[in-house]
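With the hints as extra help, turn the sequences into a complete structure.
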Amino acid sequence: NAGVTQTPKFQVLKTGQSMTLQCAQDMNHNSMYWYRQDPGMGLRLIYYSASEGTTDKGEVPNGYNVSRLNKREFSLRLESAAPSQTSVYFCASRTGLPRDTQYFGPGTRLTVL
Amino acid sequence: AQKVTQAQTEISVVEKEDVTLDCVYETRDTTYYLFWYKQPPSGELVFLIRRNSFDEQNEISGRYSWNFQKSTSSFNFTITASQVVDSAVYFCALYARGGGADGLTFGKGTHLIIQP
Chain U
13 NAGVTQTPKF QVLKTGQSMT LQCAQDMNHN SMYWYRQDPG MGLRLIYYSA SEGTTDKGEV
73 PNGYNVSRLN KREFSLRLES AAPSQTSVYF CASRTGLPRD TQYFGPGTRL TVL
Chain A
2 AQKVTQAQTE ISVVEKEDVT LDCVYETRDT TYYLFWYKQP PSGELVFLIR RNSFDEQNEI
62 SGRYSWNFQK STSSFNFTIT ASQVVDSAVY FCALYARGGG ADGLTFGKGT HLIIQP
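Chains as they are written, first to last, in my numbering: chain U, 13 to 125; chain A, 2 to 117.
With a cut-off of at most 25 Å between alpha-carbon atoms, the simulated SDA-like pairs for lysine to any residue come out as follows:
1. A/LYS109 x A/VAL14
2. A/LYS39 x U/GLN18
3. A/LYS39 x A/ARG98
4. U/LYS69 x A/ARG29
5. A/LYS39 x U/GLN97
6. A/LYS4 x A/SER75
7. A/LYS39 x A/LYS109
8. U/LYS69 x U/GLN97
9. A/LYS109 x U/VAL72
10. U/LYS69 x A/ASP103
Hint data in this document are derived by calculation from the structure and do not stem from the laboratory. These figures come from a predicted structure and were not determined experimentally.
Laid out in structure tokens, this is it:
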């Protein structure tokens, strides 16, 4: 039981390059989330998926796309990376009731030059 | 809209001192959940506690305790007899749908430094 896994752990991109951040969970959770963490800003929600086949925008969706490939996997894509997207990205999945708690992956540290 | 305020950006104490991390939240929802997460220097986010809006009982877990007061919209976290291993960034978070996005609203975090 690995919980929430993310790949890669680190990535450096040049402005304009594209990449996909991968997230998978083995806890059979319906809901999954992508957040970004910037210094002094806490975590902010980018996109979420309440169930397989559905996705919705969060607080800061511009510049990103997501895919809920199946119940286990939720990927985040940067089509044309910008320096403003330099951040640490966390994926989370959420248990159902009664615990109703989000558990986070280890994060991906992305630098855009 | 939801909001979480952690006014203490950084706290530094000497080991064995007690320390309280403050969290104030705003929401119009009557049903909501409050959380604390710990982010040690290694960077992962570790779940500590979840409290729902209908349960104002304080909770104690070892050296950790939480004080939830709806009257002041606060959910404070106290570490008793702090240890160096408690050094981390601590985040308070709120979950309340209110017709908005289905995710957590985080405070900006409090960096706790425990000096030996």
